[in-house]
Amino acid sequence: MRALLVEDSRAQRCVVRAMLKELGFEVVEATNGHDALRALEQSERPDVAVVDWNMPEMDGLEFIRELRRRRQFDSVRVVMATSETETSQIECALSAGADEYVMKPYPKDALRDKLVLLGVM
Numbered sequence: 043m044r045a046l047l048v049e050d051s052r053a054q055r056c057v058v059r060a061m062l063k064e065l066g067f068e069v070v071e072a073t074n075g076h077d078a079l080r081a082l083e084q085s086e087r088p089d090v091a092v093v094d095w096n097m098p099e100m101d102g103l104e105f106i107r108e109l110r111r112r113r114q115f116d117s118v119r120v121v122m123a124t125s126e127t128e129t130s131q132i133e134c135a136l137s138a139g140a141d142e143y144v145m146k147p148y149p150k151d152a153l154r155d156k157l158v159l160l161g162v163m
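Each residue of the sequence shown is one higher than the one before, counting from 43 in our numbering.
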């Protein structure tokens, strides 16, 4: 199983990368949406992308919209991982193309549950 982790915080990337590896994923990392799009072009298609909302250059919402425009990535499941907690923000992420939403900070069990729900585990 492969995961794309899109997160600008080095500390948060380290934590989530460790979670994903413990869950059996090979992890490719990117620090913003632009880097993530380049990573998608240069590596094998991931099963899931775990995407932060607030990032420089291209935020998570913009990345998800661009990902969904590219038909070759239709099968990639997307989990928006962020501290945005308002219902309107969640609805915005889901309407942009996120499949699930998890609020930071989150334990490995919460991430695993989302991945199971999406059928990638």
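Source of the hints: derived by calculation from the structure; they are not laboratory data.
A portion of the hints provided could be inaccurate.
What the hints assert, rightly or not - Simulated crosslink set (SDA-like; lysine to any residue; CA at most 20 Å straight-line):
1) 146 / 74
2) 150 / 66
3) 150 / 130
4) 63 / 155
5) 150 / 119
6) 146 / 115
Status of the hints after comparison with the structure:
1. 146 / 74: Status holds; Cα separation ~17 Å.
2. 150 / 66: Cα-Cα ~12 Å, so holds.
3. 150 / 130: The hint is violated at about 25 Å.
4. 63 / 155: Satisfied, since the Cα-Cα distance of roughly 15 Å is no more than 20 Å.
5. 150 / 119: 18 Å, holds
6. 146 / 115: Not satisfied, since the Cα-Cα distance of roughly 25 Å exceeds 20 Å.
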